[in-house]
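A.B. asks: Chains A and B supply the protein sequences, listed in that same order.
Just so we're aligned, residue 1 is where the first sequence starts under the working numbering, counting upward by one.
Just so we're aligned, residue 276 is where the second sequence starts under the working numbering, counting upward by one.
Watch out, some of these pointers could steer you wrong.
Which chain B residues face chain A? A few, computed with CB under 8 Å, are given here [as the list claims (entries may be wrong)]:
1. L480
2. T483
3. Q491
In short, the hints are calculated from the structure, not lab data.
We put the beta carbon where it would ideally sit given N, CA and C, even for glycine.
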Amino acid sequence: MASDSSASVPPSVKGVDRDQDMSSHPINVESRGVDFWYGDNQVLFDVSLQVPERSVTALIGPSGCGKSTFLRCLNRMNDLIEGTRISGELLVEGQDINSKEVDVVLLRKHVGMVFQKSTPFPKTIFDNIAYGPRIAGQKNRGYLVDLVESCLKQAALWDEVKDRLQDSAMALSGGQQQRLCIARTLATTPKIILMDEPASALDPASTSRIEDLIGELCAEYTIIIVTHNMQQASRVSHQTAFFFEGKLIEVGRTTQIFTNPKQKRTEDYITGRFG
Amino acid sequence: MTSTASFTSSGDAVMRRRLLLSTVFRTVCRIAVYSAIFVLVTLLGVVLWLAIGRLTPAFFSRGHSAFPDRAGIQAGIWGTFWLISLTTIFSLPVGIGAAVYLEEYASDTWLTRLIKVNLSNLAGVPSIVYGMLGLTVFVRMFGLFGHGIKLNLLNGFLVVPLPFGKSVIAGALTMSLLILPVVIIATQEALRAVPRSIRIASFALGATRWQTIRNQVLPAALPGIATGAILAISRAIGETAPLIMVGAITYTRICPGGVESVGTLLTDPQRVLSAPFDMYTAMPIAIYGWIRVGPEFTSVAAAGIVVLLFVLTCFNGFAVYIRQRARNKLKW
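Chain B with its partners taken away, still in its complex shape (with noise of 0.2 Å):
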């Protein structure tokens, strides 16, 4: 019999076992992390390396071209930045008003529970499938118009050809609703992160239900939504399939509108006006390109794909800011 209770792993063999497994598990969860980590670096210090002499002013201000010497990014930035801007103007408030209306107004019938069981699953349809709705509805519009019409609009300051074609308005509505789902889910989360006691507190008050979501709840689940949405916003800025599908260009130095430099976009407002209805490229298209034609243009590609990267940093960057802002403000 041993004598009083030691505390000390002796020549056990169950607890060395023990610690032999835990020592085994935390070395395997190690060399997860570490193998991510060098996958993740060699990938960027590849598309870097290849990169590294085309990333010039020169880059910026020239679109596609048959030399790669002469080849650059700025119809894909271009195209990309008209894309974006109206895909957030056309998914944010019915994506924002949906969750709202879905979170806070309606009431739980068996429609309202059909339709928030399948935003997740409309959430995680292919986009390659949100490209063939919008083939059909926006650019083809079900073959309603024929040869197609031009709208003239505003004394002919502005042109609007029905149905939409291969421009960037078809590409943004497609695109929009491809991130709706993803918004709605989004901010829903971030209304419900509200506390009830907050709304309850607020009807005590005297409030109607409009002013309880406007005043507090809305100003409340700001951070969370805004996150969501720039997260969303960051996965369009991506998309390369569907695009193609309703009629990006690949190869081209065609910028929407002709706008090709802040200035024009400042000062030219017909130019502004015309561009979502003109052709366009996109970044991700541009970059896939540029690896379809050949070796010789690796490097651009590479260069391209440092670009997107950037940019895709930033709005990541932007959304963890803005988390950290909102965890600071609102303790609960």
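So that you can see chain A by itself, here it is in the shape it has in the complex (with noise of 0.2 Å):
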């Protein structure tokens, strides 16, 4: 159903082309029939959606709609929640994460994640970004500092932090401890990236940095973005998936999505009838 009820889609950010055909894209993450359980109560229902490589997903929806909890089940961080079940298929790179040969520690590693508030570590900058890496073994000083710079570098920090990396990272600002948090994820060198509400806590110049960072990152990374605000999703995504009360209701382009949704519920969404 057409409906110009949504102002004009905003402008995208440098480095997401909305337009661009993902279907040569291999598909990085998908999800077959997902069902999750929190204890008793079922919170998120049949949920298929196919992410390809190199591009950016924004999950939206109202609070409450299980997009975060998704999110979490992609590199098995509800495991830490006790009482929590999920059934159905959960691939990345064609591999179910939650198969018995899968380790756990290695998936992290692969599918890293940012969180809504920043919660860089209590030590210095340089041994923030270079944790990841020790804990997998890497010893190499000279290693770790060429991926320190390099990772800063991606983030967008490092002209702001070359000459203090000894600092402890709690004396940042908020924005530089997100693009620190960015950084680290980095160092691991994951190939998909899981960003929930990652700009939420921010100001609006920091945001934006974020989202630029974004517009870069997805060069390399594929990225999966939870956020409730809509301008940002339609800014950075190449694809939006729609839920609500446990069901993905609708995904597609994120330009189809905003100025010509398929489902009414999406479309009330985004015009703000309720969420």
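Put the complex together from the two separate chains, hints included.
C.D. replies: Okay, here's the thing in structure tokens:
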């Protein structure tokens, strides 16, 4: 159903070409009929979603719709919560991540996560970023130095901290801390980066820097971002998935979702009739 | 009808009563504080005044004597030294390990909950009960060894008597049990103070649970753990009743192992190894003994008290220092 009740879609960030044909990109992450329970309470119902490699997918929906829960399934962070249960297939690079052969520690190096509230460790900036590689066994100091520099450059933080890598990470500003957390995630050389509302605790200037960063990173990494900010979702993503009450209502190209949604609920949410 | 609202407190009776009550309360609180300080200062003052004249270097190089002028705290200091060293070695690893297990690894079963609740109970058990426990388990070992045997270890370099009898190690094990609940609870609190988000961030980077604990949680909790440990050990230093029950001597010159100077400590390994199995006294016990003898030893006892208080002040001061440094370094 056509609708022009939403304003025209805002311009995308640099690096994200929303009209790009993603069909040539292999599917990196796929869920097939995923159900999820917190104890007796089912919160995800039959979620089936495909995410192409090196694209940005935005998960949107009102609070409590399950988008963050779904995100956490992708690197099995929900395993840390007692009483959770999952069924269905969750494939990362073709491998079902819930099968017994999968080492969850290795999975999490491969699928990184950035959280809503930045959580730098109370250590130096260098040690924060080197933490991931170090616990994986990397001891070569030269390698770590180069890796830290490269990650900080990718996270657009290098120029601000290059002279004070031995300072405490807690002394950075909120926006810098979040970019530090992104650099920290990049240090484990993941292929997929999950972002759970990464900019919601930041001021507008920092938010737009993070969005620009997403635009740069998607050339190399597959990014799945949960956001409650619809303008942000439309700016940074190739594909958008709308969740409501645990069900995936609609998924499609971002431009199509925001100008011409197929489901009425999607349209209602996007036009702000609820949520 | 009064004119526009006035903000000055007029002769309004209700208002005056409120102000009076407020002032009375403030005065009562002031009196409480000043009384407490007054009592403390008086106590310290009297003790110091009594001890003047006894606090000579000789006081630290002599043990008990029948003559007050020749009595000293040397045996007490060394006994306390060995006691506290061994107590630290036994109680800290076990206590910290138990707390780490309870906080980080154990799932929330009825058993875990039972243990956690009873930890607080254990912390409140009177110390004399631990004394009785120590007597049966460590000093007499349930009578399993009859008249006692001696284990020759390291080619006779080290002789371990079984049961331990009235030795420092029996006292130290008893004290370890005594302060163990305190160490566990303090460590638990320190671990809980580390935000959960730090652990989650560490897991998300592909760390195992042990790596997270070792690299993030424990370093962050260390100041709290150290403070708790130091305070627990301070408590152990002042304990008297359980030690008497497990056989600490009251009047003696004996220093465990015959180690009477720091030099011997560093250069004579055989004495150091035999010290834990030797008889001993401790500072609070020596003080208690002197008070019991009679008025002629009052000043000696006072000098002992000054030394004990000094040691405790140093310990507590160290704990405060660590807490301050932690506050400056870790700002969540």
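A.B. asks: Against the earlier hints, flag every one the structure doesn't satisfy and list their numbers going up.
C.D. replies: No numbers; nothing is violated.
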